[in-house]
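J.: Listed here are the chains, written in short residue letters.
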Amino acid sequence: MSEVKLLGTQSSFPCARIIWALKLKEVEYEFIEEDLFNKSPLLLKMNPVYKKVPVLIHIDKPVVESLVILEYIDETWKHNPLLPEDPYERATARFWAKFVDEKCVLSAWEAVKSEGENKKKAIETAQEMFEHLEKQIAGKKYFGGEKIGYLDLVIGWTSLWLNAMEEVGGMKLLVPEKFPSLSEWTQNFIRVPAIQDSLPPLENVVNYFQVGLNYLRSLSANKS
Amino acid sequence: MAEELKLFRTWSSPFALRIVHALKIKGLEYETIFEDLSNKSDSLLQYNPIHKKVPVLVHNGKPICESLVILEYVDETWKQCPLLPRDPYEKAKARFWAKFGDDKLFSSIWNVFTTQGKEQEEPIAAAVQNLKPIEELLKEKKFFGGETIGYLDIAFGWTANIISILEEIMNLNLVDEEKFPLLSAWMQNFSNDPVIKECWPPRDKMIVKFQVMREKYLKAVVSQ
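For the protein sequence lines, the chains are A and B, in the order given.
FYI, our numbering numbers position 111 of the first sequence as 111, with every residue one higher than the one before it.
Counting the second sequence from 1 gives a position; our numbering is that position plus 1000.
Chain A extracted, bound-state conformation:
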């Protein structure tokens, strides 16, 4: 029986963050694929509050919420540290991680969902968020410095997953001319062996977002 289990889905980027962290730490784990439309009793037991993936189960104890899991992994397996040592740099990384999840992801998804004039505005808003990331990565190879770290894993979705969102949403957010440093970073990021080896096929992620979008649209159609 595995000491470390990860409940997740192949196409979810919060789950990918955890897979990457475990790979970088060289931690063996068992991956349990969840069907989010038919959640397992184990998932519902381990994450009763949110009923979401990823859930890391370490010696039968669940850890939930991807950013919380990343820090748990970093503190439990101390080699190949993900977060910097300096408290100010740690605070900076945590600040940007929160910004990414609260502002960047949501605004990108808003741009996917919106239509017409709203879509144009949503794209502008999302790009304003990306400008902040562009400034953070300018002059650096990775957000973590010379090696990838916590913040690179958090922003990693802007590689393949953002491509998939752009395809589903019929728009381009991460325009290389506007975001040269961030675009270059996505290329460097996916070339890191631990990352490259675990990227899901693009068409699976496109499908995953398309299903999600259709589901959301059907919910609002039922409401109105």
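No lab work stands behind these hints, which were simulated from the structure alone.
All of these numbers come straight from a predicted model, not from anything done at the bench.
A virtual CB, placed ideally from N, CA and C, is assigned to each residue, including glycine.
Treat the hints loosely; a few may be bogus.
Claimed, not checked - Derived contacts from chain B toward chain A, CB cut-off under 10 Å, selection only:
no. : residue
1   : Y1030
2   : K1062
3   : K1091
Given the coordinates of chain A, assemble chain B onto it according to the supplied hints.
T.: For chain B alone, kept in the frame of chain A given last:
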């Protein structure tokens, strides 16, 4: 070099109060800058250009934003009277619940506060539902941190600070002593703790402030 510590806050912000409590527990000297959020200072905008909010802690000229990020920074920089548990799993739980408090519990309490009559029924049920796991956390404990106030007590401090005020304004009993005996007791213990009590914003001022706010929200709904 002498440490320079500044805290940008408002007199009533519960999130800024978290930092006041943490700095007090750690026995740290600092300068307070009170902000008028309708007329933000150039310093605030310079130190927190992304969110333009309080609290901001400035340590030797370097700003840290977002209250939970600041709490961890304070805990990692000044090691006396530790706020977070040492064990990674306990830490992960504390971080999870602090985030739950901010993401789910706060918004559900706010939804009760900004509604009335029939429209308030669902929000009340949701808020009560979200309070239940918090009650569970306090089984066999005086504080969330154990025998003494810790990170999670500070993170949940807003509940002790604000909920009774909102209840008084709405003439509503959300944290019913019978349904939530442990949480009710914790709110008393927390707000009566000498370190916390010293920094508590004046209740009568808070009542006026939130009364005005509620009237504004309800008027806005009616005019819709």
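J.: So which of the earlier hints does this model not fit?
T.: Hint 1 contradicted; others consistent.
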